[in-house]
Each structure stands twice: as C-alpha cells, then as structure tokens.
Amino acid sequence: MRMLPVLSRLAWRYLWRNHRRTLVMLSAISIGAWAMIFMTALTRGMVDQMVSDGISVLPGHVQLHNPDYLDDPSITNRVNLTDAELESRFADAGFAAWASRVRVPAVITSERESRGVTLLGIDPVAERDFSFVDYAEVEGRFLESAADNGVVIGAKLADTLETEVGKRIVLMSQDPDNEIADRGFRVVGLFHADMETYEETYAFIGKEAAQKMLRIGNTTTEVVFFGDDYRNVEPTYEKVIAEVDDSVRVSRWTEVDTYLGTMLGVMDGFVLIWFVVIFLALSFGLVNTLVMAVFERVREIGLMLALGMKPASILGQIILESMMLLSVGLLIGDTLAWLTVKPLESGIDISVVAEGMEMFGASSMLYPKLYMGDVVLSNVVVLVLGFLASLSPAWRASRYEPVEAITKV
Amino acid sequence: MNIVLRLAWRNLWRHARRTWLTIGAMVFSNTLLVFMISFQFSMYGLMIDNTLQVFSGHMQVQAPGYKDDQKMRQVVPDVQSLANQLRGELGIETVAARGWSFGLASSEERSYGIGIYGVEPAFEVNVSNIPGLIKDGQYFESTDALEIVIGTMLARNLRVGVGDELTLLGSGLDGSFAAAVVTIVGIFDSGVKEIDRNIAEMPLGAFQEVFYMNGAGHQVVILAPTLDDAPAVHQQVAAALPEGLVVHDWDALQPGLKQAIQADISSAFFMYGILVILVAFSVLNTQLMSVLERTHEFGVVMALGMKPGRLGRLVMLETTMMGLIGFILGAAAGALLTYWFSVNGLSYPGMEEMAANFNLPGRVYPQVSWLRTAFGPAVVFLFTLLAAVYPAWRLRRLHPVEAMRTL
Chain U
2 MRMLPVLSRL AWRYLWRNHR RTLVMLSAIS IGAWAMIFMT ALTRGMVDQM
52 VSDGISVLPG HVQLHNPDYL DDPSITNRVN LTDAELESRF ADAGFAAWAS
102 RVRVPAVITS ERESRGVTLL GIDPVAERDF SFVDYAEVEG RFLESAADNG
152 VVIGAKLADT LETEVGKRIV LMSQDPDNEI ADRGFRVVGL FHADMETYEE
202 TYAFIGKEAA QKMLRIGNTT TEVVFFGDDY RNVEPTYEKV IAEVDDSVRV
252 SRWTEVDTYL GTMLGVMDGF VLIWFVVIFL ALSFGLVNTL VMAVFERVRE
302 IGLMLALGMK PASILGQIIL ESMMLLSVGL LIGDTLAWLT VKPLESGIDI
352 SVVAEGMEMF GASSMLYPKL YMGDVVLSNV VVLVLGFLAS LSPAWRASRY
402 EPVEAITKV
Chain F
132 MNIVLRLAWR NLWRHARRTW LTIGAMVFSN TLLVFMISFQ FSMYGLMIDN
182 TLQVFSGHMQ VQAPGYKDDQ KMRQVVPDVQ SLANQLRGEL GIETVAARGW
232 SFGLASSEER SYGIGIYGVE PAFEVNVSNI PGLIKDGQYF ESTDALEIVI
282 GTMLARNLRV GVGDELTLLG SGLDGSFAAA VVTIVGIFDS GVKEIDRNIA
332 EMPLGAFQEV FYMNGAGHQV VILAPTLDDA PAVHQQVAAA LPEGLVVHDW
382 DALQPGLKQA IQADISSAFF MYGILVILVA FSVLNTQLMS VLERTHEFGV
432 VMALGMKPGR LGRLVMLETT MMGLIGFILG AAAGALLTYW FSVNGLSYPG
482 MEEMAANFNL PGRVYPQVSW LRTAFGPAVV FLFTLLAAVY PAWRLRRLHP
532 VEAMRTL
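If you're matching them up, the sequences are chains U and F in order.
Each residue of the first sequence is one higher than the one before, counting from 2 in this note's numbering.
Each residue of the second sequence is one higher than the one before, counting from 132 in this note's numbering.
Note that these hints are calculated values from the structure, not bench results.
Each residue gets a CB set at the ideal place from its N, CA and C atoms; glycine is no exception.
Treat each hint with caution, since some may be false.
[Said to hold, decoys possible] Which chain U residues stay away from chain F? Per the calculated CB distances, all over 12 angstroms, these:
| # | residue |
| --- | --- |
| 1 | Pro125 |
| 2 | Thr161 |
| 3 | Gly167 |
| 4 | Ser248 |
| 5 | Leu384 |
[What the hints assert, rightly or not] Here are the simulated DSSO-like cross-link-like pairs (lysine-lysine), alpha carbons at most 27 angstroms apart as the crow flies:
| # | chain 1 | residue 1 | chain 2 | residue 2 |
| --- | --- | --- | --- | --- |
| 6 | F | Lys202 | U | Lys157 |
| 7 | F | Lys389 | U | Lys157 |
| 8 | U | Lys157 | F | Lys324 |
| 9 | U | Lys157 | F | Lys198 |
| 10 | U | Lys168 | F | Lys198 |
| 11 | U | Lys311 | U | Lys409 |
[To be verified] The following label-pair restraints were derived from C-beta to C-beta distances:
| # | chain 1 | residue 1 | chain 2 | residue 2 | range |
| --- | --- | --- | --- | --- | --- |
| 12 | U | Leu24 | F | Phe401 | 34 to 40 angstroms |
| 13 | U | Asp247 | F | Asp267 | 30 to 36 angstroms |
| 14 | U | Val126 | F | Asp267 | 45 to 51 angstroms |
| 15 | F | Gly322 | U | Asn219 | 38 to 44 angstroms |
| 16 | F | Phe308 | U | Glu235 | 49 to 55 angstroms |
| 17 | F | Gln393 | U | Leu24 | 35 to 41 angstroms |
| 18 | F | Asp267 | U | Phe271 | 27 to 33 angstroms |
| 19 | U | Thr119 | F | Pro362 | 37 to 43 angstroms |
| 20 | U | Tyr372 | F | Gly440 | 50 to 56 angstroms |
| 21 | U | Val404 | F | Phe401 | 49 to 55 angstroms |
| 22 | U | Val404 | F | Trp144 | 24 to 30 angstroms |
| 23 | U | Asp247 | F | Tyr343 | 47 to 53 angstroms |
| 24 | U | Val126 | F | Gly493 | 40 to 46 angstroms |
| 25 | U | Leu332 | F | Leu516 | 27 to 33 angstroms |
Bound-form chain F, shown alone (with noise of 0.2 angstroms):
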C-alpha cells in the first residue's frame, strides 16, 4: 500500500471515537437523506401517474384556448376521424376522442349540476381508469346508445342506481335547449370526492345527438407509452395536426400538479440543505482539531523534508476516507430502509386525509432506485471535502521550526 494512504488510514484511526461520531453524522444525515428522497420522488411518480391517468392523459389536442375557457362552442370539428387518424399516424391505440358539456342532471328526487364527458368506449378504457373503476353494472357497449355512467357519490345523492333513468339538460353547441333522458348503466368509484360527485361518462355518438355537437368534439386524449415518450409523441402529434388546432402537454393540462411537486421539492431541499451544512461542520470542526493537535508532529516531518503540500494532501486523503466510509454506509442503510418501507409500504397518522387531495393512496411503497440512493450520499460527501479545504489549507501557512514549538 501506499506509504500516504496508509498514514491516512492510521491518523484516522488515532481518535477512533471521534472518527466515528463524525462518520456518524454522514450516516444518520445519508440515511435521511436516501430514504427521504426516495420516498418523495415515488410519491410525485404516482401523483401524477394517478392525475394523469383520470382524464389528462399525456397531452390533449384541442381548440386554442379551450384549456382555460372550457367553452361549448371551442371545439375540434370531425373528432373521431381526428381521433383515428392520429392513432394511425402514431400506431398506439391509447388516442381517445371526448366531448365535454356542463349539464344539469335530475332524478325523481334530486337533481345536481354535473360535467358530461362524451366519450368513445372502445378507446377510453385505454387512457382513463374510469371504465376500469365501475363497482356496479358495466361500461358502454354501444356508443350512440342513451346510456350513461356515474360516480358513487353522485348516486347515492341523486338516489338512483343501475337500470334508473336521469334526466339531462343543458344547452347545446349552437346555444339551443338540450334535454335528454339517459338510463344508468355503471357506477364508478374513483376514490376522489370531486369525481365521484360531479363527473358523468356518456358514449360519444350519443352525447353529440343530445348536445347538437355536428360530429364534433373537445378534445382527443393521448397517453404516451411511457412520461419519458411523452415528448417525442408530442411532436409527432404536433406535426400531423391539421390547422387550428393545439397540443397541451399534461403540465400546461394540470399546471397544478407540476408546480405542487416545485414548491414541494424546494421546501424540502432547503431542509436537505442544512442537515448537508450541520454535517460539513461537523467535519470541519474534527479535521481543524486533528490538524491543530498535530501542529508538533507537522512541524518534524516537515523539518524531515516534507512538502507543506503533501501535508495537505494527507489531510484531503484522511476526509475523502472518512467520508467514503459515510458514504457507502449511509447509502446502504438508506436503501435498506427504503427497501424495508417498499415493502412494507409506509404510512402516518392523518396520510390519507391528506393524500386524497393529490390522488394518492393512504400507503405509499418507496421505490429504490440507484440515483435516488446516490444522491443524496454524493452532495453530503461534496460538502464533506470542501469542509476539509480550510483545515488542510491552514498547513501551507506552517513554519517547521514554530509548528516544532508548540506542544
């Protein structure tokens, strides 16, 4: 071995207690670390996988300026050819054309302000989980029957279920009455109270009869095979559209969602920041008294003939161990957590009142993944050594002779 990195080893080693509480530090703030952004990062995986998968999809085509207005007469003319073309132009089956209206729904006893979704069953049981969510009856079979399917919470407050029939009315495109009477074929449960309450499902053809729609819709739904391809199946999609027409992408879709992940993640990489500081002080204030006690020692082998520089170096060398060894241990136990927890899955008190607001589950599996494991290890090992420069720096200032004084 290496005459310098066995004196390393060996100084470190001196003070064993002292060594380990500031390898201590790197393990406790590494371990926290790891399994704090795992977690974190899973959570944002399945918010906006859960988000995403309800209606956004990846990306919408629509009129310009329905995203914001949502208005009747803002809409994609001829959607279902649209809708098929692209899946031909794209070769993915999980394009799905939509028509939404506002309309107000009436049972025997009750009647609610719901939004209507006209939808394509073929193809929407590829882009929303809705049509996998029904409890009760089944999906649409049909898409010009006048059928319609509803939330569980909408149910029960309009006191219906399958097999009854609503009324519906509303206005259609060119501003005129619209009325219909649809029967209830399923009843979904999505789990989030603002679906289940105010959201309706009818085939498309049907919901462009009551609504006067002339074969046309609001949007055409994609979903990419995965986020990552999301991009490159924009563009595709942007290249084919025909004139007046826009592609949002699921964060100008779901500005919300994106920006609660931001502000999210800078609170807690503030947090993360100042365990990082505590750590390197910590460091800091055991390299500066190892090199202060050693100031006597210094001063012979540099009287010896030893460069200030390579002083230094050992000192560098001494952290960079320390520091490794923090590294590899506080990954480790960090990744088992996670794993434990990924497993296990993890939950506390008062999660799933909160979590429902960001369509999450009241338990959460971390997933561990290499980066995510790192991550956090490397900054706390960068800070680790940069604590280290002013202690190793004081060396270059050392007199043999003087340093030889002191005791």
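In isolation and in its complexed conformation, chain U is listed as follows (with noise of 0.2 angstroms):
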C-alpha cells in the first residue's frame, strides 16, 4: 500500500507514452460509456411513461375486487363493501391517495352509431391527481362531482359516434338482474389523451349517477390505492390488506396488469445485458492495449524487477493503469450522456411511429429519464468486469523472469 502513490504515478505516466493508441482506446471506453447510458435512459423513459399511463387508467398501485371479479368483470361481482364502509376504514390509513370506482362493460348510443366501451363511475374530485385526463384540456368540461348528471367521452369515440359537447347519448349496460340497464346522458366534455386507445375505450360519468342507472345503491366494483412509488407498492398493499378479510381480493398492479408488470422485469434484464455486451465488445479491445502496452516494455519491467520491485507491485500497475484508463473513459462518456439526455428530457417526439408505439402501450412521446442507479450500474459492470479483463495481462508481467526480460530485444 505505502507503493500506491509511486505506482499510480508510474501507471499514469505510461498511460500517456503511447497517447495515440491511449486516445483511441479512450474514445472506444467513452462511446461505449456514453451508449450504456443513453440507450437506458431512453428505455427508461418509455417504459416509466407506459406505467404511469397504465397505472393511471387501469388498476391504481393496489387494488381492490370483488374475488370474481378480475376473470368476470360483470356488475354482479362487486365489492361487498359500500362506500361508508370503505370511507371509515380507508379514510385515515395515509394513502397517499384513494378512491372507489365503477368500472363496467357498457354499449354507448348515438342517433347515428354504437360502440362496446369500459363505463367508469367516478368521483372526479378524489381522482382528480392521478387520471390520465387531464382536466384543464377536456373540451367542454370534466365531470364536477359524483353526483354529475354529464358523461366525458374521448375526442376519437364522439367522432365515431358523430356527437359533441352538448348532445345526447345513451349508456346500456345490465343490472345485478341481468335487466338491461340504460339512461340517456348529456355529452358534457371530449378529453384527449396521448393514446387513441384510451380515446376510444373510456366513457367517464359520476360515480353516483352510475350507481343509480346500475342499481346498485351504494356499492362499486373497484377501489383504488395510490402510494408514493409505483415501483414499491408493498406498503401500501400492507396496509390495505390490514383492513379487510378474504371476502375481497387485493393485488398489486403488476399482478393486474401482467403486460406492464413483466415489462419492468424484462427492462431491468434488457439493460444489464445491454451494459455486458457493450463491455464485452471493449473488452477485446482493452485486453488488446494492455497486451501491447506489457509487450513494449518487458525490458522495463525486467529491469523493475531485478532491481527488486515486488512482482505484486508490477501487477498492481498494469491494473492501475487499465483502471485509470477505464475511470478516464467513463468520466468522458458519463459527461457526454449527460449532456445528450438533459436537453432531451422534455420529450422527444416520435408521433411518426405512434399507432406502432401505441402497440408496445407506450405513448407518441418520449421522455428520456436519468437514473442515477442506471449510471452507477454501468459504470460498475465496467469497472469490475475490466478489473476481470486486466488481470491476465498484468498477472503475465508480473511473472517475467528478470533476466530474461531484460535481455529481450
């Protein structure tokens, strides 16, 4: 240890005798560094984007059914809960946000066309926070409570339907009889949303008027939980299982939504496989610098020897010396990622591709993200993997027999 400051100073010297090949070798490091980083953070982006969509339209962090309901999500299996009920067991239990909901198959009626959509009852005010519609750009208006007598419908589906703000349509869906279940309702707004999907799919009334065209007094079919981080929902789905028996179901969000759930899964697999195989594509080249580096100068290294410099000691600077050059590398390449992404996190619009995109459940834009994990991660695979790749060379110059070192031409 005491030998470190000397051989550092040896380890950077020799790392600027060659410099040509010493800055290629960097730029190599750098690009590479730089890829790790930036490629992630765009996956990143994209895939934190489609969770949060998901989350926002489909089940909340946790969830709450009737057991049934999830295989069978008719209006029969409802929670055998009502909202009092749920109102004094949830209210104080700190979530950082709640709400119970009527979520049902249901045909919407025009004067001209019909369509299969999914009818949610809400309480637009506890939902306020975490919807996918963003209120302020509804055309016309959002709901304003859950006594609201209006329905919000997409922009794409009151196309379809040929209506708009201030026309009538009808709602069918059943009963708990299996009587049809109908009632006219006044389009009160169009919202827009960043897939033509959810356009499509979701027609929003409150959640009192749905209770009452469903007969269903005042129970739901779905409550919703919201913690603080969608990536750990295991506190909030303590305290929601805390407060209720096994007549409900509870589940997380990754088990309600297996698309989004595996997605995550397989992004981290995707980028530490993605971080080892652009090591190893450096690798070569890096085993490479150090190969010829020891072969330059085995005359040195006899010469060290013989003059009684410990064979650990040689070791010790070859490994210095690629560590030196890897840390230089990935200083340049983590800075260069920074400067790309930063720029970049205000969106990058790919709408040219959007109906494809809207196939992978991501949206037309894209919000690159920096993890600091991420940049650490890279930047440990490289460094670990390369203290791997150096040892052989290095482990080889310590192992000169002085003499024969020296006289080597």
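Mind assembling these two chains? They're in different frames, but the hints should get you there.
Quick look at the structure:
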C-alpha cells in the first residue's frame, strides 16, 4: 500500500507514453459508456411513461375487487363493502390517494352509431391527481362531482359516434339481475389522451349517477389505492390488507396488468445485458491495449524486477493503468450522456410511429430519464469486469523472469 | 503466392495474440449481429403473418372512410357478387365478403357489447384462421342460419356454451332497431384476449337479414398467395373495382403493426451501430499500433525503393485478411447459434406476456437465411476497412531517413 502513490504516478505516465493508442481506447470507452447510459435513459423513459399511463387508467398501485371480478368483470361481482364502510376503513389510513369506482362494460349509442366502451363511474374530486385525463385540457368541461349527470368521452369516440358536446347519448349495460340498465346522458366534455385507444375505450360518468343507473345502491366494483412509488407498492399493499378480510381480493398492479408488470422486469434484465454486451465489445480492445503496453516494456519490467520491485507491484501497476484508462473513459462517457440526455428530457416527438408505439402500450412522446442507479450500475459493470479482464495481462507481466526480460530485444 | 499477399499474411501473425484479440472482437459482434438480426426479422415475419391472418388479410376493399370510422352506413353494396367477381378475375379462392356491426349480446345472466362479423363460411376459411381455431362445436355450414360463433372468454363471461341461445340487439343499416335470437354453434380460442372477449361471427346471409343490410357488406378481404405477391394483386384489384370503392393494403389496415416494427428496428439498429463502431475502434487501435511499431522497418523497405502507396496497400491487405477471418468465423458462429435456436426454440422469462400483445407465441423459432447471416458481418467488415484507412494513410507522409532513425 505504501507503494500506491508511486505506482499510480508510474501508471499514469505509462498511459500517456503512447498517447495515440490511449486516445483511441479512450474514445471507444467513452462511446461505449455514452451508449450504455443514453440507450438506457431512452428505454427507461419509455417504460416509465407506459407504466404511469397504464396505472392511471388501470389499476392504481394496489386495487381491491370482488374475488371473481378480474375473471368476470360483471356488475354482479361487486365489492361487498359500501362506500360508507370503505370511507371508515381507509379515510385515515394514510394513502397518497384512494377512490372507489364503478367499472363495467357498456354500450354507448348515439342517434348514428353504437360502440362498446368501458364505463367508469368515478368521483372526479378524489381522482383528480391520478387520472390520465388532464381536466384542464378537456373540451367542454370534465365531471364536477360524483353526482354529476353528464358524460365525458374521448374525442375519437365522439367522432365515430358523430356526437359533440351538448348532445345526448344513451349508455346501456346490465343491472345485477341482468335487466337492461340504460340511461340518457348529455355529453359535457371530450377528453384527449396520448393514446388513441384510451379515447376510444373510456366513458366517464359520476359515480352516483352510475350507481343509480345500474341499481347497485352504494356499492362499487373496485377500489384503487396509490402510494408514493409505483415500483414499491408493498407498503400500500400491507396497509390495505390490514383493513380487509378475504371476502375481497387485493392485488398489486403488477398482478392485474401482467404485460406492464413483466415489461418492468424484462427492462431491468435488458439494461444489464446491454451493459455487459457493450463491455464485452470493449474488452477485446482493452485487453489488447494492455497486452501491447506490457509487450513494449518487457525490458523495463525486467529491470524493475531486477532492481527489487515485487511482482505484486508490477501486477498492481498494470491494473492501475487499466483502471485509470477506464475511469477517464467513463467520466467522459458519463458527461456526454448527461449532456445529451438533459436537453431531451422535455420530450422527443416520435409521433411518426405513434400507432406502432401504441402496440407496445407507449405514447408518441418519449421522455428520456437518467436514473442515478443506471449510471452507477453501468460504471460498476465496466470497472468490475474491466478489473477481471486486466488480470491476465497483468499477471503475465508480473511473472517475467528478470534476466530473460532484460535481454529480450 | 503473390509476394505482397504473403508478406501481409506473415505480418498478421507476428503478434498472434493481438490479431486474435482483434478478430475476437469481430467474431463476438458478428455472432451477436447474425443472431439478433435473424431473431428480430423472424419475429417481424410472425407478427405480420399472425396479425394479418386473424382478420385483416393482405388487403381489403371498403367504402372510402370506412377504415377510420367503421360506420354502419359506409357499405360495399352487393358485397357477395363483388367478392365473386374478384375471385373470378384474380383466379384465387382467398377472397371473402364480410359485414361488421356492433351489438349487445345477452345471455340469460349477462350482457356484453361485442363486434359481430357476418362472413361467407365457404370462403372465410381461406382468409382467416378463426374458423380453424374452433375448439368446441363447429363452424357454420349454411350462409343463412341464425347461428353464431363466439370466443372462449366471451362464452365464459356470458356463461354460455354450444347449443345455447343469445339475444343480439343493435341497429340496422337504416338506423332502425335490430334484434335477433341466434344459436351458438361454435366457440373459438385465438389466444388473443381482445378477440376472444369481443368478437363474434355469424353467416353473412343471416347477418344481412338481421341488420337490414339489403345485400350490402363492409369489406372484401383478400389474401395474396404470399406477402410478396400482395402489391401485384393490389393492382389487379384496384383495376377491377367499381366506382366509389377503395382497396387498402395491410399496412394501412394495421398501421400500428408496421410502425411497431419500424420503431423496433430503429432502436435495434442504434445498438448494432454502437457495436460496430466499438469493433472499428478496436481495429483502428491494432492497426495503428502495428504501423507505428514498424516505422523503422518501413523506412528500410522504402529506402530500398518500395513506394509508400504499396505500403499503404499492404496495411489494407492485412486488415482485409483479418476482416475476412472475422467475417467467416462470426457469420458461421452466428448461423450455428441461430440454427440451434431454430430447432430448439427461444424463450425468455416474461416473453409470453409481452409477446401476446403482438400476436406472438411465447417461444420463437428464428430462421437462418443468407441475407440475415451476411448483413451484419458485411457491415462490420466495411467498418473494419474504414478503420484501417487512417493508419494506412499515415504511411504516405513517411520519410525513409527519419523513419529509419526511429527505434
């Protein structure tokens, strides 16, 4: 350890002895590090967006249903707790947000056309902060309270139905006894969403209006809960579980939307594989550089050994050289990544392939996200694997026989 | 053997380890490229086939505007005779007429809104894989019977089975109230949730009766013999069409499909590009070293009368040899790897859930092809040569005397 300052200085000087080779290798490492982080920022951004979009329409971080509802989303499979009971259990439990909803399949009919929709009976005040509908961007107005008598549908659906704000449509579904439950509503607002599917699929009415129309008293079909972070829903899950028995089913969002849940897991795997692949492509050049660096100074190494330097110090010196090369490359790469991602964080417009992105479940704006964790992981992968890759050339250098090495031409 | 050729070959093996490491970088990325590209394009092929074979076909004849709005009144008049005429003119049987309507299907216990296709049973089997996916009961035999086939999830949600009756409510072409009681004769399982939950088919004759279609329908689906034949068939169809109808290709009918592929290709090629660039740097480094360490030697041969241009060619030749070895080994390794997966199939945790979104199975068997095998390594080879240009070009400025002085 005493030797460390001297060895570092030696390693640093050796590095710049052949500056061309070092510069070429540095560029390769920088580009590699940049690509690792930049690509990861893009995919993270895409997946984050998909998940947060998905959660805002779909499950909430944790949701509560009748045990049969997910398999058979019918009005007969309601949550067996009334709104008052829910209120007394969850109001003070400390969720970031929670709300009960009525969600049933329904048919919407204008004088021209009819379509199938997912009818959402909501309390707009409770859902304000986590709805995918930006209330401010609604044409006309959004629902104002749970008792609101209007309906808000997507702009795309309104086109198809040839209806508009102020006109009437009929919503038709079934009540618990399979009698047709229908009611006329006035369209009070049209919402725009990032994804066209949302505009075609969802129709919002007030929760109380839905309960009256479907003749289900004060009951609902789902309760959604939000914690602080969608990646860690366990605390929220625990809190909900503590308040209910097994006559209801409590699920995390990853269980309800397996596509999104899997996506998140697969992405973590992808990121790591991407780092390793890039490193492997770099490793050939790295080892090559070290092999050459050792080869050029066999005589010097022999001399040092002959003068009494320990083989371990030679080993350390080569590894230090490799670590310095990698660190400088990483530093440049990280900076480049930061410089390229930051200006893009306000969003990249990829609407040329909007309908394709919808197939993935992503919207047409891409917001790259730089996660500290990913940056650290990429750097650690490079340094750890780089250390391992340097072992062999460094080991060879330290095993030279001094006399042979000195006499080598 | 040519003297320059022999010289280049020998120079290459002076530092065998360095050469193999450089070739190793090429083999590594070539193998990866061959495998990834084969896998990717096999997926795209499957995605296209699987998606188009469900309903879209390679092209459809529709009324203008129907594609975007799917309104009941945007009809193809006299749809069966048009389908008949196209079958005659194209000389293929893979042409089928359809109608489509939205309706509320009610069983004793449940009601759901669904999309209902009216189909020609005899021809629908040629253009769609749904008839082949009936797992309970059977497909239609007559074109006029009040019968229906539905998806498994719909059957489960409605709590019905083969032989039960459904009440359909909807609106007819003229906007009037349409209602019918139909018997379930078959239940299909496509494996795609959306379809199994939302789609039903009934014979076109009965469909036209129930929805007051007056002989009209909404689309004529055409499947060309292969995807590559589609453009030619498209032209024939366009020429044969009566006034007031249009024909749409699959990429217009399923714009998401093509764009999803494009988006995937661009992100994949970004990654491939990075790999190729890293290999190029590796080659640049090696060749730069090999030129620098031979400065003295080059000085000598130049003093003996060798032209700098010839020395440059020598370096390029060395690189070409190295590149070719990398090309052959990498392409072979990649093709073998792909071949192994084409026999054993490829799957990874989570693939099934993701693949279902794109009509893909949970296990994919990538296909080996010459083009997919050669493409990646060819690009790597090209960049390898480009990377050697700078070291080779440096030689032009070499002065024999100065060069001989360096050690």
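Now the hints, each set against the structure:
no.	hint	verdict
1	Pro125	24 angstroms, holds
2	Thr161	6 angstroms, violated
3	Gly167	21 angstroms, holds
4	Ser248	22 angstroms, holds
5	Leu384	17 angstroms, holds
6	F/Lys202 x U/Lys157	13 angstroms, holds
7	F/Lys389 x U/Lys157	22 angstroms, holds
8	U/Lys157 x F/Lys324	23 angstroms, holds
9	U/Lys157 x F/Lys198	14 angstroms, holds
10	U/Lys168 x F/Lys198	25 angstroms, holds
11	U/Lys311 x U/Lys409	20 angstroms, holds
12	U/Leu24 x F/Phe401: 34 to 40 angstroms	25 angstroms, violated
13	U/Asp247 x F/Asp267: 30 to 36 angstroms	33 angstroms, holds
14	U/Val126 x F/Asp267: 45 to 51 angstroms	47 angstroms, holds
15	F/Gly322 x U/Asn219: 38 to 44 angstroms	39 angstroms, holds
16	F/Phe308 x U/Glu235: 49 to 55 angstroms	52 angstroms, holds
17	F/Gln393 x U/Leu24: 35 to 41 angstroms	37 angstroms, holds
18	F/Asp267 x U/Phe271: 27 to 33 angstroms	39 angstroms, violated
19	U/Thr119 x F/Pro362: 37 to 43 angstroms	39 angstroms, holds
20	U/Tyr372 x F/Gly440: 50 to 56 angstroms	52 angstroms, holds
21	U/Val404 x F/Phe401: 49 to 55 angstroms	53 angstroms, holds
22	U/Val404 x F/Trp144: 24 to 30 angstroms	27 angstroms, holds
23	U/Asp247 x F/Tyr343: 47 to 53 angstroms	51 angstroms, holds
24	U/Val126 x F/Gly493: 40 to 46 angstroms	43 angstroms, holds
25	U/Leu332 x F/Leu516: 27 to 33 angstroms	32 angstroms, holds
The structure does not agree with the numbered hints 2, 12 and 18 stated previously, though it agrees with the rest.
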